[in-house]
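Sequence order for the protein chains is A and B. Using numbering that gives the first Met the number 0, you'd call the opening residue of the first sequence number 0 and step up by one each time. Using numbering that gives the first Met the number 0, you'd call the opening residue of the second sequence number 0 and step up by one each time.
There's no promise every hint is true.
Since the list gives no way to pick out one identical chain from another, each pair is judged satisfied if it fits inside one copy or across any two copies.
[Stated by the list, open to error] Below, in silico cross-link-like pairs of lysine-lysine (BS3-like), each with a Cα-Cα straight-line distance of 30 Å or less:
id, residue 1, residue 2
1, K50, K190
2, K17, K102
3, K161, K24
4, K17, K158
5, K50, K158
6, K161, K126
7, K42, K158
8, K42, K17
9, K102, K42
10, K42, K161
11, K122, K24
12, K23, K42
13, K161, K17
14, K23, K102
15, K124, K23
16, K126, K102
17, K126, K23
18, K190, K17
19, K42, K122
20, K190, K23
None of these hints come from the bench; they were simulated from the model.
2 protein chains.
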Amino acid sequence: MDNTKALPLVELTEQFAKLPGIGKKSAERLAYHVMGMTDSEVKAFCDALNKAHNNVHCCRVCQNLTENELCPICADNLRDHNTICVVETPKDITAFERTREYKGVYHVLHGLISPIDNVTPDKLKIKELLARIGDDTNEVIMATNPTVEGEATAMYISKLLKPLGVRVTRLAFGLPVGGTLEYADEITLFKALENRNEI
Amino acid sequence: MDNTKALPLVELTEQFAKLPGIGKKSAERLAYHVMGMTDSEVKAFCDALNKAHNNVHCCRVCQNLTENELCPICADNLRDHNTICVVETPKDITAFERTREYKGVYHVLHGLISPIDNVTPDKLKIKELLARIGDDTNEVIMATNPTVEGEATAMYISKLLKPLGVRVTRLAFGLPVGGTLEYADEITLFKALENRNEI
């Protein structure tokens, strides 16, 4: 440890360095930045940290993060509660909401099945999803990422849902809009060809 | 604002985004990371923030950041208190200490003269430096960055110190060790030629 630096500064640097994507140099710069902040700025930052950590929890129904018992989407009666879009993280909901097209509800798994990282199906919110499926459920859209883990999770859950007689769909794979054929990888191109549509 | 996200999460994201070098996407990722932290981790982070902000202040003598009245370097009797190395920021002290060669003390200006950023000499710790200069002072080393502002500040301070009869020196400019001539810019190469030494 560097004994020319004040201990609280070293500790703060270590705390910042624990955050994802923040290296030692960035952590040091952030710690020095805090030195230049006013009392009220530091208080606002701490308050925001504590408030987010203490007041935000999973929605009782869809497991999205919320301060209330139900998230705004589950509490919205104008949405189609019989179409459930299954996503990995709450961030994915933000992405879908940006399209302004999807009017159903969501279910957040909080992870993907990944035996290598010791994430087994029981660690995800899968039983909460199964508990939501009722006679009224029209469709469950598997909207996990197009990765090995995302595919495996989508397959695993669809196998659990099929016996319940519910329609299970998967997001379409194909060329990204605005992309060029030249830069498309072979699997994407193969999927785009396979899933080609009548025009 | 995105009303599908819990308000405390949005607020925390905004707080993270205020930090230097943290964009909107990184801030969001950090906010979600906090959601996954344990209570004690969040407490440790907040404590570190408050402790650093409340307990760390400028050393009475050299203006380095410290929790005590004197920083460890100024409090160290084994160091040469008559050689003062003038630097821009406390981080520069860490860089010098890594060399393990310098045995003098430091003086932190907390900035460089930069009229364009509205930093005038009175906003720097220059009068504190002048107050330290005594009959015993052997040498003041101007160790500001080799930039326009660093040079201007070094020149400004040296003009104030010269009438006091103190020896003022400037860090050597030349080729960085391990660098190649090919990639040296013309000013560095000119300085390296100008300051060439007998071998």
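A quick look at each hint next to the structure:
In the homo-oligomer, the alpha carbons of K50 and K190 never lie at most 30 Å apart, since the shortest distance is 44 Å inside one protomer and 55 Å across protomers. For a Cα distance limit of 30 Å, the shortest separation of K17 from K102 qualifies neither inside one copy, at 38 Å, nor across copies, at 33 Å. For the homomeric pair K161 and K24, neither the shortest alpha-carbon distance inside one copy (51 Å) nor that between copies (37 Å) is at most 30 Å. Taking identical chains as interchangeable, the C-alpha atoms of K17 and K158 are never at most 30 Å apart, the minima being 38 Å within one chain and 45 Å between chains.
Taking the shortest alpha-carbon separations for K50 and K158, neither the intra-copy value of 39 Å nor the inter-copy value of 53 Å comes in at or below 30 Å. In this assembly of identical chains, the alpha carbons of K161 and K126 lie at most 30 Å apart only when taken from the same copy (15 Å versus 78 Å across copies). Taking the shortest alpha-carbon separations for K42 and K158, neither the intra-copy value of 49 Å nor the inter-copy value of 42 Å comes in at or below 30 Å. For the identical chains of this complex, K42 and K17 are neighbours both inside a copy (21 Å) and across copies (14 Å), given an alpha-carbon limit of 30 Å.
Taking identical chains as interchangeable, the C-alpha atoms of K102 and K42 are never at most 30 Å apart, the minima being 39 Å within one chain and 39 Å between chains. Taking the closest pair of Cα atoms, K42 and K161 never come within 30 Å of each other, the shortest separation being 51 Å inside a single copy and 45 Å across copies. In this homomeric assembly, K122 and K24 come within 30 Å of each other (Cα to Cα) only across copies, at 26 Å, whereas the closest approach inside a single copy is 35 Å. Taking identical chains as interchangeable, the C-alpha atoms of K23 and K42 lie at most 30 Å apart whether they share a chain (24 Å) or sit on different chains (21 Å).
Proximity of K161 and K17 under a CA criterion of 30 Å is satisfied in neither setting, with 42 Å inside one chain copy and 47 Å between copies. For the homomeric pair K23 and K102, the shortest alpha-carbon distance between copies (26 Å) is at most 30 Å, but the shortest distance inside one copy (44 Å) is not. Taking the shortest alpha-carbon separations for K124 and K23, only the inter-copy value of 28 Å comes in at or below 30 Å, while the best intra-copy value is 35 Å. Proximity of K126 and K102 under a CA criterion of 30 Å is satisfied intra-copy only: 24 Å inside one chain copy versus 65 Å between copies.
For the homomeric pair K126 and K23, neither the shortest alpha-carbon distance inside one copy (40 Å) nor that between copies (33 Å) is at most 30 Å. Taking the shortest Cα distances, K190 and K17 never come within 30 Å of each other, neither inside one copy (40 Å) nor across copies (42 Å). Proximity of K42 and K122 under a CA criterion of 30 Å is satisfied inter-copy only: 26 Å between copies versus 35 Å inside one chain copy. Proximity of K190 and K23 under a CA criterion of 30 Å is satisfied in neither setting, with 42 Å inside one chain copy and 33 Å between copies.
Hints 1, 2, 3, 4, 5, 7, 9, 10, 13, 17, 18, 20, counting from the list given before, are not met by this structure.
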